[in-house]
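K.L.:
Sequence:
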Amino acid sequence: MPLSDWHNGSGARLRLIARLQRDIYECIRNEISEDPFAIVDFPDIRNPGDSAIWMGQIRYLAAMHRRRPAFLSKMRDFSADDLIKAVPSGPIFIQGGGTFGDIWVGHQNFREYLMERFPDRRIIQFPQSIHFKSAKRLEQAKRAIERHGNFVLLVRDSQSEWIARRHFNCDIRLCPDMAFWMGPVKPLGEVGVPVLCVLREDKERARPDHTLAPDMPAEDWINEAAWKIKAAKAIGYASAALVPPFGEAQFRALDSAAHARVSRGFVHLSRARAIVTDRLHVHIFCLLLGQPHAVLDNSYGKVRAFMETFSGGTDLSHQTNSIQDAIDWARFKAGMAKPEGRSFSSSNCSAFSDIASLGSANEPSGGPLLTFIIPVRHPANARDWTIVKANLAQTVGSIANQTHPDWHAVIIANKGSDLPDLPEKFSVCYVRFPPNKQHERGKAKSREAFWDAFRVDKGRRVTAGMLTARDSAFFMIVDDDDFVSSQIVNYVAAHRASNGWKIDRGYVWNSGGRLLMATEEFGRLCGTSLIVRSTLYDLPAKVDEVRPDFITDMVGSHRRIEGILAERGTPLAKLPFRGAVYRVASPTSHSRTPSIWTKYSLNRKGLKQPLTLLRNAAKLRLITARIRKEFGLPAATS
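Take the sequence shown: its letter number 607 is residue 607 in our numbering, and every next letter is one higher.
One or more hints might be untrue.
[As the list claims (entries may be wrong)] For lysine-lysine, the following DSSO-like pairs were computed, each having C-alpha atoms within a straight-line distance of at most 27 Å:
| no. | residue 1 | residue 2 |
| --- | --- | --- |
| 1 | 619 | 415 |
| 2 | 574 | 203 |
| 3 | 136 | 574 |
| 4 | 136 | 619 |
| 5 | 574 | 133 |
| 6 | 133 | 74 |
| 7 | 133 | 437 |
| 8 | 415 | 389 |
| 9 | 142 | 574 |
| 10 | 186 | 203 |
| 11 | 389 | 629 |
| 12 | 142 | 437 |
| 13 | 619 | 574 |
| 14 | 619 | 629 |
| 15 | 74 | 142 |
| 16 | 85 | 74 |
| 17 | 203 | 142 |
| 18 | 85 | 136 |
| 19 | 133 | 85 |
| 20 | 425 | 389 |
| 21 | 142 | 186 |
| 22 | 136 | 186 |
| 23 | 415 | 74 |
| 24 | 415 | 85 |
| 25 | 629 | 136 |
| 26 | 425 | 415 |
| 27 | 425 | 629 |
Think of the hints as simulated: they come from the structure by calculation, not from any bench.
Model, not experiment: these values are computed from the prediction.
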């Protein structure tokens, strides 16, 4: 069934599609010349999304350049000799998608084989998402690209761009997914259900199980009747019977199969008034159809990253990390009864609006992109102020090491505090708060009393600092003796549409030591673990108007705010690199966290469980010159 061009829905949606098509053209146009070219790794698989990428690629080439590939091949039947015969010297394009990395390792192996087999060819990778779990495979890809020397990597989200620019020495360009070149599409078929859940069942599924209502149809969209695809290919072969060019029959057969799969995808989605999905191309299909849809993420953040970069700005989509929230929103959009306790209009609402989710409403203007907020304890709460001052100076130096210039830092300290010399971009907010009588855990009446008092003292200092910098787009609270990556602001600049990030990956460092311990639970250990869009704090006009729960939950506790924001429908993403260093074993630490050795190895649990001890020992890292530079760590003193 041929897809018909059709314009449905809001002008904003149509403008978005047109803009993304223009972006694709600007990104690729100089790669197409009169020379013959090849496209390899054709997606002869059941997923309509991969076929949509293929169709977008072919439509773009036909519409903007009046060209078609002189050679086409699937990965499993690729022949280097046939490619050379059809394209003796021209470029090789690789199918776009989400296979750059080690999740779908066969495609990555094929990509690296092409670079090795054709060292003299320009190889252009159509837009991809990047994800590596293995540092070894990432290094292998890095070496392959370096050796080839003429590889063009198009990436389809800012997170992938950041990974590519950090690791790969090649021509890197940010480019939307090619499926947008299919253009707006008319719904195919009749509506049969109010809401349909189209959820992954493969290795990219983020959740082991989705708990759905009994009346909620849920299925993936990869099921297909094999005979229909065989028939489509046969029709393609038959249409090429009298056409002489090399490979024409192969092209028509595979192109016909792709059309059949894409049509099946549109028919599948057209059954419902609203969709719930965790698939990127279901999101794209819904935009092309003009269909409301709630979007969950996949296992490594691909969907959210793409929406934050290109496509999350329409009223057709709602991002969330809650399956129940997604279903409630989709039911509402489908005209069903609104969820109990919700109050919102049919056009928009604060609980479900994309603007609130992406943080684009009431965006601060004129201020820095990111402001670091550094609350400093009362001098009376310091056992040795000279150490507090020295540690603070190191924290200041770490922050000042940012590679992107769009930032500011505010230190909140009591009037009269002896502070270190501060470089440019730092300011001081002086306060007159009294000492915290239970500042140190060992002196508190109970563990809960300690944390309650600590949250109040820290929270009001943080609030005071934020109020002086409320025109900032993002805030990051940094404890006065920790360290941050020099890439923080650079990453935020590449992902300005995000709600913010939680730092799960970081290091623990013995103050003055030579070793770090890598941790994947950094946010559980350390307060220097959140980057949050400023508007999500709902800051009061002045300190006197601050509610107690705001002090304790939003700014005094780094553990509570993440859940609060998720419940509001504005969840934080995970920072994809090690973002901070937590200093321990410092004599001025209020929590009295012991050394790495005492807490994680040479203790009763570690000695009784040798495997745990060995696992923790395997996390230790020698501080390299690169790590020291990235975090601004001082030279070892022990």
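K.L.:
Are the hints correct? Go through all of them and say.
P.N.:
Against the structure, the hints come out as follows:
Taking the CA atoms of residue 619 and residue 415, the gap is near 42 Å; set against the 27 Å cutoff, the hint is violated. Restraint check for residue 574 and residue 203: satisfied, since their Cα atoms lie roughly 19 Å apart, inside the 27 Å limit. Taken as a hint, the residue 136 and residue 574 pair is honoured in the structure, with Cα atoms around 22 Å apart against an allowance of 27 Å. Proposed proximity of residue 136 and residue 619 is supported: the alpha carbons are some 16 Å apart, at most 27 Å.
Using a Cα cut-off of 27 Å, the hinted pair residue 574 and residue 133 holds, with the two alpha carbons roughly 15 Å apart. In summary, the hint linking residue 133 to residue 74 is supported, as the alpha carbons are separated by about 26 Å, within the 27 Å threshold. Using a Cα cut-off of 27 Å, the hinted pair residue 133 and residue 437 is violated, with the two alpha carbons roughly 46 Å apart. For the suggested pair residue 415 and residue 389, the alpha carbons sit about 15 Å apart, so the restraint of at most 27 Å is met.
Under the criterion of a C-alpha separation no larger than 27 Å, the hint pairing residue 142 with residue 574 is consistent with the structure, at around 24 Å. A hinted pair counts as satisfied when its Cα atoms are at most 27 Å apart, and residue 186 with residue 203 does not qualify at roughly 31 Å. Taking the CA atoms of residue 389 and residue 629, the gap is near 21 Å; set against the 27 Å cutoff, the hint holds. Between the alpha carbons of residue 142 and residue 437 the distance comes to roughly 54 Å, so the proposed pair goes past 27 Å and is violated.
Taking the CA atoms of residue 619 and residue 574, the gap is about 20 Å. The hint holds against a cut of 27 Å. For the given pair, residue 619 sits about 20 Å from residue 629 by alpha-carbon distance, which is consistent with the 27 Å threshold. Of the supplied pair hints, the one linking residue 74 and residue 142 holds, its CA atoms being roughly 24 Å apart against a limit of 27 Å. At roughly 17 Å between alpha-carbon atoms, residue 85 and residue 74 fall within 27 Å of each other, so this suggested pair holds.
Proposed proximity of residue 203 and residue 142 is supported: the alpha carbons are some 24 Å apart, at most 27 Å. Restraint check for residue 85 and residue 136: the C-alpha separation of about 35 Å exceeds 27 Å, so the hint is violated. Simply put, residue 133 and residue 85 have alpha-carbon atoms about 37 Å apart, too far for the 27 Å limit, and the pair is violated. Between the alpha carbons of residue 425 and residue 389 the distance comes to roughly 19 Å, so the proposed pair stays at or under 27 Å and holds.
For the suggested pair residue 142 and residue 186, the alpha carbons sit about 43 Å apart, so the restraint of at most 27 Å is broken. Distance restraint check for residue 136 and residue 186: the Cα-Cα separation of roughly 46 Å exceeds the 27 Å cut-off, and the hinted pair is therefore not satisfied. Our distance criterion of 27 Å between C-alpha atoms is broken by residue 415 and residue 74, whose separation comes to about 70 Å. With a C-alpha separation of about 78 Å, the suggested pair residue 415 and residue 85 falls outside the 27 Å cut-off, and the hint is violated.
Restraint check for residue 629 and residue 136: satisfied, since their Cα atoms lie roughly 23 Å apart, inside the 27 Å limit. A C-alpha spacing of about 20 Å is found between residue 425 and residue 415, which places the hinted pair at or below 27 Å, so the restraint holds. A C-alpha spacing of about 20 Å is found between residue 425 and residue 629, which places the hinted pair at or below 27 Å, so the restraint holds.
Checked against the numbered hints listed earlier, the structure breaks hints 1, 7, 10, 12, 18, 19, 21, 22, 23 and 24; every other hint is satisfied.
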